[in-house]
Amino acid sequence: MCLVSCDLDKVPLATLSPETYFSNEEELRLYSNKFYEDIVPSASSVFSDRADAIISTPLNTEVSGQRTVPATGGGWSWSALRRVNYLLENSHQTDDIAVRNEYDALAKFFRAYFYFEKMKRFGDVPWFNEVLGSDDERLFKPRDSRTLIADSIMQDLNFAIEHLPTTKDVYRVNRWTALALKSRVGLFEGTFRKYHGIGDAEKYLQACVTASEELIDNGGYTLYTSGSAPYRDLFATSDARAQEIILARHYDAGLNLTHNVQNTSNSSTVGRPGLSRSFVNTYLTTGGLRFTDLPNYNTLEFVQEMQNRDPRLAQTIRTPGYTRIGGGAAAPNLSFALTGYHLIKYSMEPQYDAYNSSFNDMPLFRIAETYLNFAEAKAELGTLNQADLNKSINLLRARVSMPALNLEQANANPDAYLLDAETGFPNVAQKNTVHTGVILEIRRERGIELVMEGHRYYDMMRWRAGKLFEKPFLGMYFSRLGDLDLDGNGSIDLCLYQGTRPGSSASLFMEVGKDIVLSEGNKGHVLAHGNINRTFDEDKDYLYPIPTEEINLSNKILEQNPGW
Amino acid sequence: MYKKKYAILMKLGLAIPLLLAANLHVSALTFGQTFTLKQNKLRVEQLFNELQRQTGYNIFYDESMVPAAAVLNVSYNGTAIQTVLKDISERYQLAYSIVGKNIVLSRRKTSGSTAMVAREIEETVQQRTITGAVVDESGQPLSGVTVREIGHENRSSTDGEGNFVLQLQGADGLLRFSLVGYLSKEQRVGVSDNMNIRLELDVQEVDEVVVVGYGTQKKENLTGATTVVDSKLLQSRPAANVSSLLQGTVPNLQVTFGSGRPGASGRFNIRGVNSISSDAKPLVIIDGFEGDINRINPNDVESITVLKDASAAAVYGARASYGVILVTTKTGSGNQASITYSGQTSVSAQTTSTDFETRGYYSAAINDLFFSNYAGSNYTRYTDDDYYQLWLRRNDETEHPDRPWVITDDRDGRESYVYYGNTDWYNHLFDLRRPMHTHNLSVNGVSENIKYSLSGNYYNQDGVFRQNNDDLKRYNLRSRVDFTVNKWLDINTNLSYFNSAYAYPGPSGVDNSFSAAVVHGLASIVPVNPDGTQVYQTSISNYNLMDGYAALLGQDLHRNMDKISEFSPTIEAVIRPFKGFDIRSSYRFIHYNYQTMNKSANIAYSKYPGEVLNITSGIGNDRLYETQVNHQYQAVNTYATYQTRFNNSHDFKIMAGYNYETKHLKDIKVARNGLLSDQLIDFEVATGDVLEINGGQNEYALFGTFYRLNYGYQDKYLFEAAGRYDGTSRFAKGNRFGFFPSFSAAWRVDKESFFEAWDQNVLDAFKIRASYGSLGNQQVGYYDYLQTINAGNVSKEYSFGDVMAPYAQESEPNASDLTWETVNTTNLGIDIELLRSRLSFTGDIYQRETLNMLTAGRTIPAYYGADFPLENASDLLTKGWEASVNWRDGFDLDGKRFNYYVGAGVGDNTSKVTRFDNPNKSLAIKFYEGQQLGQIWGYEVNGFFSSDEEAANYDVDQTSVNTIINTSAIDQGLHAGDMKFEDLDGDKIISLGDNTADNPGDRRVIGNSLPRYNFNFRLGGDWNNIDFSVFVQGIGRQNWYPHRNASYFWGPYAQPYSTFIGKDFLSRVWSEDNPDAYFPRPRGYIALNATNRSLGVTNSKYLQDLAYMRLKNVTVGYSLPQKVASKAGLSRLRVYFSGENLLTFTKLESKYIDPEQAATENTYDESTSHAKIYPWAKTFTFGLDISL
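Chains as they are written, first to last, in our numbering: chain A, 1 to 564; chain B, 10001 to 11188.
Please note that a few of the clues may not be correct.
What the hints assert, rightly or not - Pairs of lysine to aspartate or glutamate, EDC-like flavour, derived with a Cα cap of 20 Å:
| hint | chain 1 | residue 1 | chain 2 | residue 2 |
| --- | --- | --- | --- | --- |
| 1 | B | Lys10796 | A | Glu37 |
| 2 | A | Lys514 | B | Asp10875 |
| 3 | A | Lys556 | B | Asp10917 |
| 4 | B | Lys10733 | A | Asp7 |
| 5 | B | Lys10663 | A | Asp9 |
| 6 | A | Lys10 | B | Glu10699 |
| 7 | B | Lys10796 | A | Asp239 |
| 8 | B | Lys10733 | A | Glu19 |
| 9 | A | Lys10 | B | Asp10817 |
| 10 | A | Lys514 | B | Asp10817 |
| 11 | A | Lys467 | A | Glu19 |
| 12 | B | Lys10926 | B | Asp10875 |
| 13 | B | Lys10733 | A | Asp9 |
Keep in mind the hints are simulated off the structure, nothing from the lab.
Please put together the full structure from these sequences, using the hints given.
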């Protein structure tokens, strides 16, 4: 009947069948490549790091206490998990057991990563280790306990550690990445449990210690120490420095793969992030003394305030004497940094100030974090000794020529500033008997070392320190209005005024009360978001709400988090 | 059976060679040349009926020429038609002539009859006798023309040479001349007793045979909802493609455009939302096969038929559920070759205002006002002195030597450029003229056994980019040659070639340049520094001018080309084994090739004097990217038609056949960097990394058998049954085939005997139609029933090093038992012609159920991790109607005939979801049962607070829709001039409630995104070689909520760094002095978020009504009088002026956005477009038509 063949059997010509896919390493590798994009955080979620250390505008709702229950979305996405489980269900089509184990291990690493993010955000969540069918009854199962999730994560990570290759590639997950994640999860869960009064904290802290030690001792990673400002150069670089970085997210201008970190730090429209005064206060002096022990520390003006501080401060924000990479001297700019503490971490040549033109690889795991995890976990366990500090924290300090942290001295004299409920963590003293001082010092070190790397918000959550979000967010201190030389080079950088604008050679004018608010009216600290009445509800705000739509869809089997 | 004075055996115009030519390939060759009939006591009328039926000739005669009671005995067997006619003529003293496919019988001119006339003259010597002649447009005598004196009984008719004699009875002496197929003409007798009358063809008669699926049908016998596009609306209009000509021409055929760029093609929708599962596209059939309407030369279009209901579309089965558009191209006609040239040239302008703020001072100050109210600091970072400098220059339209627009100054410790310009960015970037010219040449004719029609067209339109222009070039070639091989075989060929190339500057995607231009391009900034370098970023505020596009468009290094070519040969054999039966078999092959080229390069710019830098990422990426898409399509249609009539009252027609189509689609995409030359654009000179190599391949096939049965009883009762058994490769075996039947019937009430009593001059035709049928929809993915793994993906966000990460991914989870969705349509229609067919009306109402739509079968928790598989799981009900009314007539004006027509059409439809698994009626899920499609939920806003006190006392918490108020730097909290959100549910807090239809919080349905009441209005006429036409179209209601990024609408309320701020903008901003302003108190960013900012959240105050009425086309033409033209050796010469989109009336609250631009994203579940796209044009055209 047909002049040409009336054939209706048209089989796919360029796609493969799942029944035959997953049969060799290349296929598994190609399939698992998607996990990175699905699960690894984007650059902006790493560098924005919005909590109490970096203050931006508008204030994020987690900090301002204005979060609302979303109808949908809200981080409640499960598609990445489906793909991970899909590989695990199909990898048996590979005959080579070693290859299969390796990619199962990779999948389990990502499943652990996925669930870690879910658990941090929501607490209890249901655990699924299979691809669900559309009529699977488990779609309507209630949440599994946090313990089950945490243990399952650990189980997956143990498998990953056992089977992932030891070969290093800074852009790919390997055994060392799995150890680094385990260290992170262990510390998070251990301290979360400890400070939120949930049992079994030690088990997780111990897991952190074990994993950290293995990584520190056998991973072969060392701190990057080249050049005169190694801490700055660790971030102000286009390609990750693999000696220290365990896993980085690759960015590359040639591939059109860029992010916006430098523009964010150098623009008056993209949030104007700046460090908070309370955070800047935690940087020690070069002699290892506490800045906040200075009698007038709180009313030092910028140039004085910045003298003789932990060198990392001058490698994190613009301080007097700052010169741009590939450019000249530059003073902090209050129209770019809300608080005046103008971020420079990751900043490269001025041309990359343009929108979305940064291409620094974004560090996701680095050995410095593991040092900090290790020290903190041991301290929280009460098993920390000086040798532990020397192979972790003190390496970080040595890199920037800061005096070593001494365990005994730290414990003998806990920092009042970091213990004060207004500025620090009073519950450290409540929960610890032996190591209060050193725990505070480790927290100080962690904050400073890892700022702008996406850790701060969940650190505050696990430390049960949300109340700090309620405190005033302050910036630089100004004892007077008028012409101000912020970098101490003799030229006027800023003119603060009230009423009529005075004549001035300043490049930036700000009208006090309008463009900028000072804590004491016509002098004092820059006050950011002073108008927002922030509340942090301890019974509610440590977890995110579950979208209402999902509760409805679960036939109300899914219960909302407390307080929401 | 024919009671009119003129026995019209076939209501086809007599002198319509054009029409016949148009349909020759379908009908003319079915005419037999011999006649067979053996019967006694046959009335002449019956004989003629049979003659017409067997031969297909149209027979025209005056009943009075033959005695009414005359009967005759005949015996013909395969007798040549000439013999038969001679026979009859002899018997009744008649003369006959065959003109084309028409037989005209007239009184034989004898000396006897002249003598008789003379005798009559004597007898009524006191009365005035008028003699005269009637000719057609080409001066040929017309016989059989009825001549009547109006208001009296006397009448006469013209003889074989067109002459008539008539005695006047009344004093007025007003005569009417009428002949079927011609426009009637009334003329008063003047001083002279001799009149010379010219009758013109009634062009409307062209509509009388309608192209339907796999065949043709007489319009009067149509039973389904079928609309023929008024051919006048397709002529003399400047158009890059046919879709733009069709907009507004047919009620309930919506044509929408996604862009105003040259050659932008339209999207069609017939009768509203058909399915919520896929993109609802009607099937377009070009000369029998599926094709793209935008690839036909508009000059080649002979007719366009729109099949709206299931019965009309039934023979197309599974693809026809969204309606069918049938396009027929021209074929050879006429007796001698005609060569026709037509050309047009046009210029255009924007349909919208482009009157933007060009004074640097105001541009900066407005943006800074909005920015600082939000952020507490200036956006521009201009100092007071800078502002003073800008103020001094505010009236300098060009740079004044004493007041330079660019200075250098030490800023932030570095010598920097500071800009004090007054730049008219819109006119700097865009040239509004868009010159177009197009040329069309065609040769057309018939010789012996060959009919031919050859045409070629060239179309060239420049776009709006001023620095480096974009332009479209299009070529069409078509050749239709039909061979009559022998008595029973014809071979027809139809070849067409299409080629278009659109070149444009900037990054890939021409609309990107428009959306980027709206930001950071303040009038105070200039495009080029004094040293000639491009401005990209200002050193004082660090913003990228137009996101870098200004510097990019200023350099001719980015180039793009979209090319389409399509070659489509068709061959058809027509076999006629015996009378009334024919078999047609045709084969078409289409090779379609689509190529894109996008070349980008580093962008040089200067930020500090003396330092040139390059943008090397993003839009400044050095890269050549090319794609190749090739489609190969093959199709076969074979069908046979048999028609017969017996007992003089039973008409049967049966058509059956099959169709098979298959298409193979293949893609190649390659990208590489490191081009050695800016001018050579080829991978041969690309030496860098291979950034991408990708492919893709798909195939599908369709097979269908179809039939149509027509039965008519005494031409009064018409029945039609049609259907298709359709199969597709897109479903699994076992679910592949579906059967889609339809039935329709019509009752021609005017043929009933009880209508005899009616004055035939009042009601001429009255038909009632009804149809019911079901169609399928197979518009799903090629292999959706299979789970597949696609290994060719490349991440857009992730890289492991040198290249973007490749990855494999499984397809979406699927249900393997997918099958057809079914569309059941019921249609009721009525066709009426009144007042000697001058007034006609057609109306239809319909109801359409779309059953088993392929949507997510259930809504389940997100743990599933994927979209729920598509199942045949939901239903939709659409109701609608459409009507059109036309009036045509003529009268004498200054001794010359003035013919005119007026027409109007309107259509409407609404759709409701009748099955969808969303038991909670959650609004987070797109659909729920009972939902009217397109509904827009929004908050109710009741104006502004008139005072701070009122705002402070307002006890409703509107934080959730106004968060920015509490976080921005200045004037926190509610104040005078802020929007007052109404607390509809009385809980003192503005919220989404449960986000369900039953508890939507403080929202209600405030509008609908779907268009309602599409209408058109047409009028036109001709007089004394002058012709004119006017075409108006529009829609009656459609809502749009401006997208949060709709910069032309919101200006600095969205982005307080807007390039294009309307000159009138500040007058629309609230202030204490301007409390009735349209917009609230100034503050940046309050439109930029759609969930929690006051302008961004959908609300009643800023919901727009896109209802519009557009003067779509006005054409005025002048044709050289026939005599003058023929002296010049031409058969026709016409010049005309045509204006397109001349005027637009709209309720849209912005004169900077075209209502169609705003509606580009409007669908059944979406109403927000940002409208930052290629602008729409109004066009002024001069055209010339010459025929030899």
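### Message
Taking the earlier hints as the rules, which of them does this structure contradict?
### Response
2, 10 and 11
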